[in-house]
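Asks: Residues per chain, in single letters:
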Amino acid sequence: MADASYPEDLLYHPEHDWARVEDDVATFGITWFAQDALGEVVFFDPPEVGSSVTANEFYAEVESVKAVSEVIAPLTGEIVEVNTALADTPEAINEDPYGAGWMVRVKLADPGQADELMDRDAYMSTL
Amino acid sequence: MLVTTPTLKRTPLFDAHVAAGAKLVPFGGWEMPVQYADGVRAEHEAVRRGVGVFDVSHMGEVAVSGPDAEAFLQHVYSNDVARMAVGAAQYALICNEDGGVLDDVFSYRLAPDRFLTVTNAANHDSDVAWMRSHAGGFDVEVADVLDAYAMLAVQGPIAREIVQALADSPLPARMQAARRIVHGREALVCGTGYTGEDGVELLLHPDDGPAIWDELLRRGAVPCGLAARDTLRLEVCYPLYGNELSAERNPIEAGLAWVCAEETGFIGSLAVGAARADGTAQKLVAFKIDGPGIARQGNPIVGGGEVTSGTMSPSLGVGIGMAYVPSERATVGKTFEIDVRGKLRTAVVASRPLYTKETDG
Numbered sequence: 002m003a004d005a006s007y008p009e010d011l012l013y014h015p016e017h018d019w020a021r022v023e024d025d026v027a028t029f030g031i032t033w034f035a036q037d038a039l040g041e042v043v044f045f046d047p048p049e050v051g052s053s054v055t056a057n058e059f060y061a062e063v064e065s066v067k068a069v070s071e072v073i074a075p076l077t078g079e080i081v082e083v084n085t086a087l088a089d090t091p092e093a094i095n096e097d098p099y100g101a102g103w104m105v106r107v108k109l110a111d112p113g114q115a116d117e118l119m120d121r122d123a124y125m126s127t128l
Numbered sequence: 017m018l019v020t021t022p023t024l025k026r027t028p029l030f031d032a033h034v035a036a037g038a039k040l041v042p043f044g045g046w047e048m049p050v051q052y053a054d055g056v057r058a059e060h061e062a063v064r065r066g067v068g069v070f071d072v073s074h075m076g077e078v079a080v081s082g083p084d085a086e087a088f089l090q091h092v093y094s095n096d097v098a099r100m101a102v103g104a105a106q107y108a109l110i111c112n113e114d115g116g117v118l119d120d121v122f123s124y125r126l127a128p129d130r131f132l133t134v135t136n137a138a139n140h141d142s143d144v145a146w147m148r149s150h151a152g153g154f155d156v157e158v159a160d161v162l163d164a165y166a167m168l169a170v171q172g173p174i175a176r177e178i179v180q181a182l183a184d185s186p187l188p189a190r191m192q193a194a195r196r197i198v199h200g201r202e203a204l205v206c207g208t209g210y211t212g213e214d215g216v217e218l219l220l221h222p223d224d225g226p227a228i229w230d231e232l233l234r235r236g237a238v239p240c241g242l243a244a245r246d247t248l249r250l251e252v253c254y255p256l257y258g259n260e261l262s263a264e265r266n267p268i269e270a271g272l273a274w275v276c277a278e279e280t281g282f283i284g285s286l287a288v289g290a291a292r293a294d295g296t297a298q299k300l301v302a303f304k305i306d307g308p309g310i311a312r313q314g315n316p317i318v319g320g321g322e323v324t325s326g327t328m329s330p331s332l333g334v335g336i337g338m339a340y341v342p343s344e345r346a347t348v349g350k351t352f353e354i355d356v357r358g359k360l361r362t363a364v365v366a367s368r369p370l371y372t373k374e375t376d377g
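Chains as they are written, first to last, in the numbering used here: chain A, 2 to 128; chain B, 17 to 377.
Please note: incorrect hints may appear among the correct ones.
When the alpha-carbon atoms are kept at most 27 angstroms apart in a straight line, the in silico DSSO-like pairs for lysine-lysine are as follows [what the hints assert, rightly or not]: (1) K359(B) x K67(A); (2) K304(B) x K350(B); (3) K373(B) x K108(A); (4) K67(A) x K304(B); (5) K304(B) x K359(B); (6) K67(A) x K39(B); (7) K108(A) x K359(B); (8) K67(A) x K373(B); (9) K304(B) x K373(B); (10) K373(B) x K350(B).
To be clear, the hints were calculated from the coordinates, so they are not data collected in a lab.
The following block holds chain B by itself, in its conformation from the complex (with noise of 0.2 angstroms):
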C-alpha cells in the first residue's frame, strides 16, 4: 500500500521566514510561522506600540466578476452586499441552508461588477465549491484565484506611516481599498486588519511579497507569526474560524447579528431571521479570568457551553477568552465555572473588546 503525506503549501514568503527565524509549523494545509526569533509576546507588543508584518498569503482569494457578481453574493453572503461601493471592504458571513457559518470572509468591491473576497486557509477550496454550486441562475464567474496573490498584513500605530513612505499616492481609509503602487510594485491596499490596531493589508503578485517583506523590515516592522496573531485577535474579540465559528453555530449566537441582513434573502436568511427572532440557547461572551490559570479551547464550562479560545493575554497580564454560554448567563460581570483539566477556575464576563488602549496598563 503507497502511503502519502499530505504536503503541506509554502507562501511566497517562505524562504524570508526561515532566514528571519520562523518556528515553522502546519496550519489549515500550509507550513506557517507561528513565532520568530524574539517570540510571541515581543511581536505583540511590537503590534500594540509599533508595527508588525504578518504573511496571510494561506488566506484564499476568490474574484466573482459578471453583470450578476452583486446579486450572485446577495445570495451567498449574509451582508448587504449592495451597500459595498465600489472601493468599499465588508465583513460577512457564508451560511447554509439552517443558518450554520461555514466561513467568515472580507470582501472588497473592485467596480460595479467585480469583488474580491478573502477566505480562511482551511476553508477556502470548499467555499469555492459552495458558491460554484449556488451560482446557477446567475451570470458570473466565479474564479479561484489563490495563487494570483501573495498577502502582508501591516498592523500597528505606525503601520499606515511606513507604508504610506512606499506608497506613491494616499493609502485608502479604513474599510476601504484601492489600487497603489508600492515600493515600485502593483498592490492592492486595504485599510483591513485581524489585530485592533491600525494598519493595511496588502494584496501583491506572488512574486513581489519577498520585496516588500524585506523592505517592511527594513523600515523596522517586526515579522509576525500565528501565535500573536492569536493574541492579538483574541484580545479585540474578533471571532476565529473553527474556534468561535463553525457549521453547528449560527450567526446570531455568534454575536454577529450585525452582519446579516436577513432582508436580502440570502442562503441561511430564514434560519437566522428565526435565530434573531426566539433567541438562542447560548450566546458567545468574552471572558476574564478571575485568578490564576488560563482556559483553553474545548475546556468545558460547568452547567453548559464550552470555551472556544483562550490564552494569556500579553497586553492584560491575565486568561482571557471566548465562550458559548447559556444565554441567561451572557451577561457582562456574571461568572461562571470552567473546568481546566480537572481544576475549577472562575471567569467573568467581560465587555468586548477585552483590550482597548484606554485600558492598557
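Bound conformation, chain A alone (with noise of 0.2 angstroms):
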C-alpha cells in the first residue's frame, strides 16, 4: 500500500472521507487513513445514478476481508456518476484512494456546503 498521503486540493469529512470540488460537481472517496484502518478492501457497493447522498450519512459500503464499513457522504447532491472500474478493482481504494479509487461524483445541492469541510491541516490535527 502507497504511503501516508493527504492532498491539498482535498476536502476533509472527519469520518475520513475526502471531497474533490470541481464548481457545482464533487467527487468523493476515502482517506489514506480510512484505508488504512480498513485493511484490504475487497468489495465496493455503489449506490445508484440519480439516488440522492446527505451530507453525514452514508451512501456506500466498501467491504475488506474481516469487515464491512459504511462510507458517509461529506456534501449533499445527487449522483452523476458511479466508479463502476471498483468492481473488478476494488484495491484500488487501497492503493490510489485520492485518484483511481474514487467512489461517486455528486451534483453538489449547496456548493457553499463545502465551507463545513476541513482543509488538509484541520483533517490532519484530527488524526
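Relying on the hints, combine the two individually framed chains into one complex.
Replies: Shown next as C-alpha cells:
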C-alpha cells in the first residue's frame, strides 16, 4: 500500500472521507487513514446514479476481508457518476485512494456547504 | 467501584509479531496478530503457493494420562479414540448430553496411556472443567498444560521442506505426530493444519518459540495472521467453533457425522444417534455468491437458516461462505437468497471443499 498522504487540494470530512469540489460537482472517496484502518478492500457496493446523498449520512459500503464499513457523504447532492471500475479492482481504494479509488461524483445541492469541511491541515490534526 | 478491564494474554511470540509489523487484535482472550504489514492477500497467497507460519499459541493444550486415559477419552470425545495408534492424530468433538457441540479438538496419542489434546482458546477453560467433572470413576489425570507450549503452524506446499531442513530426522506423515529436534530444540511435530495445504504444526517449549519463528522467517516463511487463517480454512470448509459449531448445533447438522462413533457411548451419543437416524431440520452447506457481494456471519437466509461464515475468497475471487439452510435445500447446485443488510444476494450450494488445487485459477 502507498504511504500516508493527504492532498492539499481536497476537503475532508471527520469520518475520513474526502471531496474534490469543482464548481457544483464534487468527487468523493475515503482517505488514506480510512483505507489503512479498513485493510484490503475486497468489495465496493456503489449507490445508483440519480440517487441522492446527504451530508453526514452513508451512501455506500466498502468491505475488507474481515469487516463491512459504511462510507459517509461529506456533502449533499445527487449522484451523477459512480466508479464502476471498482467492481473489478476494489483494491484501487487502497492503492490510490485519491485517484483510481474515487467512489462517486455528485452534483452538489449547495456548493457553499463545502465551507463546512476541513482543509488538509485541520483534518490531519484530528488523526 | 473498581472497574477492571480484562487483561489480554500474550503468547511467547508477542514481541516477534510487533517486530514483523502485526496488527494486533483481541481474540479469545488473547492479543493476537490479525495480519502483518503486507496484508491478508499476500499471506493467503504465501500459504497456497509457498509457506506461511502462524502463531497458534493461544490454542489450549490438555494432557490426559493414566491407566484409564483411553476409556476416559472415549467417554468425552465423539470419535473412536481406541482407533488412534501411538503417534497418531485424531479430530473429535466434545458434546454435551443433548449432542450440542462444546468444542472441536485435535488429539495426539503420545503413548498407550498418554494423550495431548489441542483446544480452542475461547473454550479451553470450560473444556478442562468439563473433562474434570466427568473424570469420576476413571483412573486418569487431566492436566491443563496451556502454559507449557508455544505452537506454530507451518503451512503451504513447501512447509515440510523448510521444517525438514531444520529437523534431525524425517518428519511424521499427515495425521501423525512425533518428537523431533528442530533447530536444536525439542519439538512435538504434528502433520496437521487448518489451511487445506500440506504442512506441520510444532508444539514447542515457550522459550523456544521465538528462535524457531525467527529461523522459519529467515528461511522464507511468511508470517500469517488470523485473517488469513480464516480465509484459508473457509476456502476448504473447515468449521470454526463459534461460527459453524456451537452448543446449539449437533454434529450431524454440522456435517461431522464422520467424527462421531456412537457405539463408544460418548457423552451425547444417544442424541447424536437420534439425529443421525431421524435427520435434522437444517444442514450446514458451503456456498458461493452468484454475482457481487459478500455475505457475513449472522446474515439470515430467506426461508430459514443463517450464514455462519462468509468472506471474499482470495483464491476464487468470489464471495464464499458456510450456512445452515433447511435440509431440503442442502443439495449442491440449489440456490438460496441471503439477506445481506437489506439486499438480497443469491447463493449457490457448492461442493466441499470450495477450493482445491485443481479449481485454482
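Asks: All hints are to be evaluated individually against the structure, with a verdict given for each.
Replies: Here's how the hints hold up against the structure:
| no. | hint | in the structure |
| --- | --- | --- |
| 1 | K359(B) x K67(A) | holds (19 angstroms) |
| 2 | K304(B) x K350(B) | holds (11 angstroms) |
| 3 | K373(B) x K108(A) | violated (48 angstroms) |
| 4 | K67(A) x K304(B) | holds (17 angstroms) |
| 5 | K304(B) x K359(B) | holds (16 angstroms) |
| 6 | K67(A) x K39(B) | holds (13 angstroms) |
| 7 | K108(A) x K359(B) | holds (26 angstroms) |
| 8 | K67(A) x K373(B) | holds (24 angstroms) |
| 9 | K304(B) x K373(B) | holds (17 angstroms) |
| 10 | K373(B) x K350(B) | holds (24 angstroms) |
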